Structures are given as C-alpha cells and as structure tokens.
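Going down the list, the protein sequences come from chains H, W and D.
Residues in the first sequence are numbered consecutively from 1, following this note's numbering.
Residues in the second sequence are numbered consecutively from 1, following this note's numbering.
Residues in the third sequence are numbered consecutively from 1, following this note's numbering.
Be aware that one or more of the hints could be misleading.
The following label-pair restraints were derived from C-beta to C-beta distances [what the hints assert, rightly or not]:
no., chain 1, residue 1, chain 2, residue 2, range
1, D, Y347, W, T461, 27 to 35 Å
2, D, D52, W, T461, 47 to 55 Å
3, W, E289, H, P13, 41 to 49 Å
4, D, N262, W, T461, 28 to 36 Å
5, W, V501, D, D52, 46 to 54 Å
6, W, L447, D, E120, 34 to 42 Å
7, D, D49, W, T493, 55 to 63 Å
8, H, E71, W, L107, 26 to 34 Å
Hint data in this document are derived by calculation from the structure and do not stem from the laboratory.
Please read these numbers as outputs of a predicted model, since none were measured by experiment.
Ideal Cβ positions, reconstructed from N, Cα and C, are used throughout, including at glycine.
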Amino acid sequence: MEELLEILSDLHPEVDFTTATDLVDGGILDSFDIVSLISEINEEFDVTIGASELTPENFNSAEAIYALIKEKLDDED
Amino acid sequence: MLFTSYEFLGFLLVVFIMYYLLPGRAQWSFLLLASYAFYFMADPRYLIFIAITTASTFLAARAISDKKASFDAWFKEHKKEMEKDERKAAKAKAHSLEKKIFLCCLLFNLGILAVTKYTNFTISNINSVLGAFGKEGTLSFVNLIIPMGISFYTFQSMGYLIDVYNGKVEAQRNPFKFALFVSFFPQLVQGPISRYSDLSQTLFEEHRFNWQTVSFGLERILWGYFKKVVIADRILTSVQTIIADPDTYNGWYAFAGAMFYALELYADFTGGIDITIGVAETMGIKVTENFIRPYFSKNIKEYWNRWHITMGTWFTDYIFYPISASQFMMKLSKKSRARLGNNLGKRVPVYLSSFIVWFTTGIWHGASWNFIVWGLGNFVVIMISQELEPFYRWFHSKVNVAGTFGWRLFQVIRTVLIMSSLRMFDCYRDVPLTFKMFGSIFTKASLSQLNVQSFINMGLTVADYTVVFIAMLILVIVSLIQRSGSVRGKIATLAAPVRFVIWYGLLIGTIVFGAYGIGYSASQFIYNQF
Amino acid sequence: MQKKLKVVVAVIVTLAIVITTLFLATKLLEPKYMSGILEGAMIQEYYDDPTDHNVVFIGDCELYENITPVYLWEKYGINSYVRGSAQQLIWQSYYLAEETIEREHPDVIVFNVLSMKYNEPQKEAYNRMTLDGMKWSHSKVDSIKASMTDEESFIDYVFPLLRYHGRWSDLNSDDFKYMFKRDKVSFNGYYVRVDVKPAEDVPGGNPMVDYQFGDNAYHYLDKLTKLCKDNGVELVLVKAPTLYPYWYDEWEEQIVDYANKNDLTYINFLELQDEIGIDWNTDTYDGGLHLNLAGAEKLSKYFGKILVEDFKVPDRRSDKKLQSYWKGVNERYHQEIARQRSNLEKYGSVHEPEENQ
Chain H
1 MEELLEILSD LHPEVDFTTA TDLVDGGILD SFDIVSLISE INEEFDVTIG ASELTPENFN
61 SAEAIYALIK EKLDDED
Chain W
1 MLFTSYEFLG FLLVVFIMYY LLPGRAQWSF LLLASYAFYF MADPRYLIFI AITTASTFLA
61 ARAISDKKAS FDAWFKEHKK EMEKDERKAA KAKAHSLEKK IFLCCLLFNL GILAVTKYTN
121 FTISNINSVL GAFGKEGTLS FVNLIIPMGI SFYTFQSMGY LIDVYNGKVE AQRNPFKFAL
181 FVSFFPQLVQ GPISRYSDLS QTLFEEHRFN WQTVSFGLER ILWGYFKKVV IADRILTSVQ
241 TIIADPDTYN GWYAFAGAMF YALELYADFT GGIDITIGVA ETMGIKVTEN FIRPYFSKNI
301 KEYWNRWHIT MGTWFTDYIF YPISASQFMM KLSKKSRARL GNNLGKRVPV YLSSFIVWFT
361 TGIWHGASWN FIVWGLGNFV VIMISQELEP FYRWFHSKVN VAGTFGWRLF QVIRTVLIMS
421 SLRMFDCYRD VPLTFKMFGS IFTKASLSQL NVQSFINMGL TVADYTVVFI AMLILVIVSL
481 IQRSGSVRGK IATLAAPVRF VIWYGLLIGT IVFGAYGIGY SASQFIYNQF
Chain D
1 MQKKLKVVVA VIVTLAIVIT TLFLATKLLE PKYMSGILEG AMIQEYYDDP TDHNVVFIGD
61 CELYENITPV YLWEKYGINS YVRGSAQQLI WQSYYLAEET IEREHPDVIV FNVLSMKYNE
121 PQKEAYNRMT LDGMKWSHSK VDSIKASMTD EESFIDYVFP LLRYHGRWSD LNSDDFKYMF
181 KRDKVSFNGY YVRVDVKPAE DVPGGNPMVD YQFGDNAYHY LDKLTKLCKD NGVELVLVKA
241 PTLYPYWYDE WEEQIVDYAN KNDLTYINFL ELQDEIGIDW NTDTYDGGLH LNLAGAEKLS
301 KYFGKILVED FKVPDRRSDK KLQSYWKGVN ERYHQEIARQ RSNLEKYGSV HEPEENQ
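I would like the entire structure built from these sequences, with the hints used as guidance.
Here you go:
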C-alpha cells in the first residue's frame, strides 16, 4: 500500500490519496495517469493489469487499486 | 431520410403512436422493424451490410460466451484435481479458441468498414506515390457504396464484441434483440456510440405511456431542432461562402469562418444528438449523453471528455487502453526507462499509444489527409499541454489567479480558439491550404476587412446574423443554467403558463426563424458523413 | 370532478392559443401580392364575385392581360371572368376548370393553348401563385399533387407558414394592412396596363429539337376536353395574338389537328392580327409579350363578336343585379386607368415611385 501511495502522489502531489474515493469519476486520474500508473505498478509489483480491468470502479480509490493488485498477486500463486 | 425532413417527422409520429398502441412485449420487435424500415428507405442495399455485421457479431459473441461458460463450469469441477501449471495451461487453451473467434469477427467487420470507407483514399494515395515516379493515374477509383452510419454501428457492435470477450457483459441470446441494438434508428445515423451494457437496460423493456417522460423527450427534440435549423443551418451560408473562396476570404474572414464553423458544428451535432436522445426518451429508452457543454472546457483534454463523449470513451477503452496496457508497451516502457531515464522514458508508451489513438480518430472521421492531420493536431496539442503542466503549476504558485473568473474565462477562450483552429482542417480542401489560411489570420488580417457589408455579401442579412446571435445567447444562457442541473427539470417546476410560454415560444421561434424549406438548401447533419 | 374540469379547460385554452397564434402568424407571413407582383392575388379574387358567368377564360397571362371582361360587358353584355395566373400550367387550368364547372357551370370555357409547351412542373413560385389562392377542394388537392416540383412538399400547402416563415425579415406595412383583407387587383381577372412599349425586333423562334407537345400536357388537354363534353360546356381553344413567346408552326399543326379530331373550335388570333386591328406600335406595353388596354379592348371586341354570334352568349345587360355589380367594377376600372395615366404623366411609369423597384 505504501508503495502504491507513493506512486500515486508522484502523479498528483496535490491530492490526498488515502481518503479520495472518486479518483476517476471526479476527474483526478485521466487516461494518461491510469496508463502511467499501470506501467509503474508493473514495474513495482511485477503484475500485469489488462486493458479490460481499467474501469472506473477499479481505479476510483487507492484502496480499490490496491485490491486489484492484491488479487493479481494472489492469482499468481 | 434526414432528421430535418417532413418524412422523418411523419415517420416518427407513426412509430410513436404504434409503439404505444402495441402490447409491451411487442414494443422492441416493432422498434427493430421500424429501424430496418428506416434503413431500407435510405437505400435497400445498406441492409445487407448491417445484417452481415449484426449476424457475424451475434454469432461470434454467443460462441465466445458459450465457450467461456462451459469452460468455467468444467474448470469449477476439475479445479481441485489440477496442479497450478495445469490450470494455467487449461485456461490458456480455452482462451486461445475464444481469441481466434474474437479476432476473426473483429477483423472481418473492421475490414468491411475499411474497404467501404478507405479503398478510394488508399487508391488515391497509391496513385500520387506512383505519380511521383512518373506514372499518372495508374489505378482507377472504384464505385463503392458507403452504408449510412457504418462507422457508428460497426464501432457499437465491436464494442459489444470486446465486452463479451472480456467477460464484461453476457452475450445477447436473442438475435433480434441484438439486431435492434445495432440498428436502433434514432442513433443509427450519427451516434452516440452506445455501450451494450447501457442501452440494453431500457431498449428491450416494456414501456407504458408516461406523460413526464414523453414530454421531456419532446422538449429535447424541439431543442435539438432549434439548434439545428435556427443556428446551424442559418450560419451555414456564411461558412460555405468563406471556405469556398479562400482567395477573397482570408485574414479576419478565415478567423470568422473558423468561429462560425465552431458554432455551426456545435449546434448541428449537439442538436442532432438532442433529437436522437429525445426520440429515444419519448419511447422510454435512455441513450447515453454525448456532450457536456464542451465549449466550457478548461483545456483540450477536458474538452475531449465533454465533446462526442461516446466516441472518446470508445477510443480510450477499446484502443488506447489495450495498446498501452499491452505486453509490448510494458516492455517498451521498461526499455525506454532504462535508456532515457525514468522521467522521459515513462512518457514513451503513453505518447505512442496516444499517437495511434489520434491517428485512428482522425481517419475514422473521414478518409482524407485533412482528418488525419486534424487528429494528429489534437495529439500534438494534448502533448504540449501535458508537457506544460509543470510550467502551469509553477505559474500558479507565483501568480494567484487560479479559480478566478478571469482565469477561467481565459482557459475557456483558449480552448475554443485552439479547437476552432484545428477544425479548419475540416473546412478547407486540403492540408496545405488549411495551413495557408490559418497563417493568413496572422499575416493578412486587416481592419478594412471588418465591415458589415462584406459579411452581408456572404449571403446573410443583418437580420440573419441577429437571429443567430440571439439564438446563440439563448444557447449560452441555457448552458449556464444547466451547470446546476437539468434545464427541463427546472422549467417543469415553473407555473403552467410560464412553461407554456417557454416551450411554445421555442416552437414558434423554431418554425419562424428556422432556416429550412424552399430557399434554404436542405443540409445534412454534418456528422452523418462520418 | 373539479380537477378534471380544470384540466379540460386548460387543454382547450392552450389549443385555442396555439391555433390562434399559428393562424395569425400564417396570415402575417404569407405574401399579399398587393403591390409589385399583383398576379399572385388574382386566383383568390374570383371567389368574392357572383358566380353565374357565361364565359370563363382559363389560362396564363395570354388571357388575363389580353381579354378585358369589363369591355365584353359594356359592349356585348357578356358576363365573363378570367381565371388566369402567371405561368398557369395546363393541369392547373384543368383543375380550375373542374372547380369552375362545379361552382357555376358556365356556357363556354376558353383555354389558351400556349401552356401546352410545358409538360412538367416548372417553378415553385408560380405554382404558389396559382395554387395558394384556391379554396380547399378536391380540385385544389389534385392540382397541388400534379404541380409540385421535386423540392416541394404537400404539407407546405396545407400549412403555408412552413413555406413562408422565412418572410419575417421582409415584412412591411402591407403585410399588416392586408392580414385579413385584400384589395381587388384585377377586373374580373383582367390585369390592366395603359402604358405603351412598341414591339420592335421581336426575336423569331429558335429551332427546337422536338416540337411534339408532351404526353402529360396532352393527357390534361384530353381531360379538359372530356370534362367540358361531359358537362355540356363549350370548350374553345385560343392562341393569343401576342408575338412572344414564339408560337411554332409545328405547334400550330398539332393544335389544329387536335381541335379537328375532337370537334373543338380553335381560334389563332396571331393569324387574325390585321383583322383585329392590332398595331404593335401602340397596343402592347412590353414590346409584344402582352397587350395593353388598347390592344386588349381590340381583341375583346373581336372575340366578343365571335362569342355572341357563334356561341350565342346572351346579352345580360338588362339583369338588374348584374348591372349594379358591373357598375362597381367599371368604376374601379376607370379609376385604375386614370391612376395609371396620371402616374404615367407624372413619373413616366404606371407605378407609383415606391412601387417601382
């Protein structure tokens, strides 16, 4: 979670990602951010997030993103 | 059958009455019939194309869905018996067949789109390349029909196919229901490009006559016609005059032309979508919004989230994301980071994907270099604004203007000016001429051009300009009110006589001040061509 | 109950307002033809007048500018009317004849054959001038259907507002003054002009590829013939004596043929110019296209004699009612003639200066 928050605040230093829950619907993360994000995540956690998983629901909060990553990590095992 | 023809209004009336006279179970089947009749009246040959796309997509999606379901069932049963590697292999094996079906169907349908729309464009490019080697006009153009709305219904079907493939929606089991989804007549000609998960919610339901929904739909239709015939079709004359004679109309005129075109395109396109959404609404069907006051956008990125939204999200979800999230891009990302450093390297995949998206967006709009350059122009502007972000952050930390009215206004005007400049590619014959005319705004603009008479010579009278101006004011006011919620909803809370005056005033205003009928050239909706 | 009543009242009031305003808007925006192009107002005027004419002339400008019913009345006691309009096409003439026969059953219908040269709908503007003035009837509906050009829609005739809405920017005082009434512009369908422009160098006819009148034109001529025969109305075909548009010998042959075959009277006044006594230096106001008052009276004198002698059209000058009606027309007629003459002296044109644009 720590690493993820770090990646996120690199993208948007002005946002408090621990509380925000409308990152996509609220227009904070646009498609560019999401794409940068998944490539960062790929780098950091070594999980691949597919295009079909790039939905607002999966990216609206740091928690949701983290859940997605965790699911992927678990799936790998 | 143009939206602005009496035939269309008559067709609507018949469909509307029949729709509510029929028992609810028959409503969607009737809509399918009406949609095919609508298409048939445009040109019977079109039916073959839409039927092929419908059938192939329906079958492919159902096959994929079946494969998924049977595999899931089998997998659930045998999961425990297998080792991890075996499980993976089984998944991959099942998946590969789905993928084959999916790709076949996708390429087949995009192939039809490409052949009908781009064959002649390709031929003309081959010819000019050959021409450069001294062989003139080697290949002759072929005479292909371009089915009405093919770009829209192909994209809509492919969106569905991709969603089914990704397991996001269940495949539709009823071929006729699916056929209706593809051919639903109000949106057949110019979109919006609906998602199956959205449109299917209300499309096949039974709808009883509900005065509230029907009146809201009718109001929306009227508002659409107001925009289309009072504003777009009236200012059209000046736009056409300006772009038809670039030698005379340069400098300020080219600028005025770009501005007039911005107004015309907005009124035309959003008006058409209003009619589409309104027609669907009168029948209780909800079609996705396609515009959210785009000219109020702060920047180009935001503009593209608010203009032709269904197309934008289609390109994002089905082209931008798949490309940028692909294995290739992930690898490229790693490589470029290693070579170019973290900061620069991470941009490479995003920008490359974005480039591809804007190239396709351009060519989707039309088979010509104008549209391609237009698309890439958007790409360049977005990249620049992306790169300027740190600068703006620095600027705002020094100068405290963010959020002030003046700054907002500056942003809005900036967006409109940039978008209008790019749209000049839409207007002029070819790319070099567009650049020349854009340049002339800076080099040839002289105050002597700004006189009333020369604008009247474009074919509109002072009275015409006045009508356009007043109508535009109404448009702006309505947009401003809309920021805090549905305008129709607000009007609905007013006293009955006031409501009557507003809507009846709009109707009379549209009838009297609309540029339609004999003496006005019947014009297509601009977006019909795409 | 109370609530229901309220709703009903509201609906009725709303409908009333909607219908009234649309009606007023239509009345305001439709063209009035009270100055400038007077021809547009002529078809409508017919309905105001007494309807037992013995002779009705139906056709284009070759009738309504060349035959003067006032003269026919004064000289022969012929009670007649010209149902003419600009570029009236043969199917329009046919349906006007159909309507006329239903309304009043005249003894003689005179049709001018120049319009045989048009086989298809021509110009929307002329269509409107002929059709808008007609009262609604099956004849009008059929006439509209036969006349529409590709760009026209039937609904534009039902709701003229849809056609004329664009006139909001051309509205002038006439449009308000004549919202509900019209002045008379013709004298039983005759359009009077007193000025003179001699016919000089009238161009001959350019050779044509095909002189055969079209099937559609013949179809309506057949229908007209049959209509008159079935109703016991004498149909007389005429060709006005005016020099232009050019009347080809090949056309003449076809009409002579047709008249012979169908046992109709056909009079070509072109060939009778000298007998009629037309002087192209004094009897036309536009160089030979149309006759002026002097010319029209000469032609009327000649034609009236034929009508009386050959067709036994009665002299009805002893009819008191008609006498008083024609007295009124005659007064207006002479006022208009006087007005045109004085304008001609003052301004060199029959029109008032502001009309002359």
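Okay, the hints, checked on the actual structure:
1. D/Y347 to W/T461: 27 to 35 Å: Distance hint for D/Y347, W/T461 holds at roughly 29 Å.
2. D/D52 to W/T461: 47 to 55 Å: holds (49 Å)
3. W/E289 to H/P13: 41 to 49 Å: For W/E289 and H/P13 the Cβ distance comes to about 33 Å; the hint is violated.
4. D/N262 to W/T461: 28 to 36 Å: Cβ of D/N262 to Cβ of W/T461: about 53 Å, so the range 28 to 36 Å is violated.
5. W/V501 to D/D52: 46 to 54 Å: holds (51 Å)
6. W/L447 to D/E120: 34 to 42 Å: Because 52 Å falls outside the window, the suggested range is violated.
7. D/D49 to W/T493: 55 to 63 Å: holds (57 Å)
8. H/E71 to W/L107: 26 to 34 Å: For H/E71 and W/L107 the Cβ distance comes to about 32 Å; the hint holds.
Hint compliance for this structure: hints 3, 4, 6 are not met, and every other hint is.
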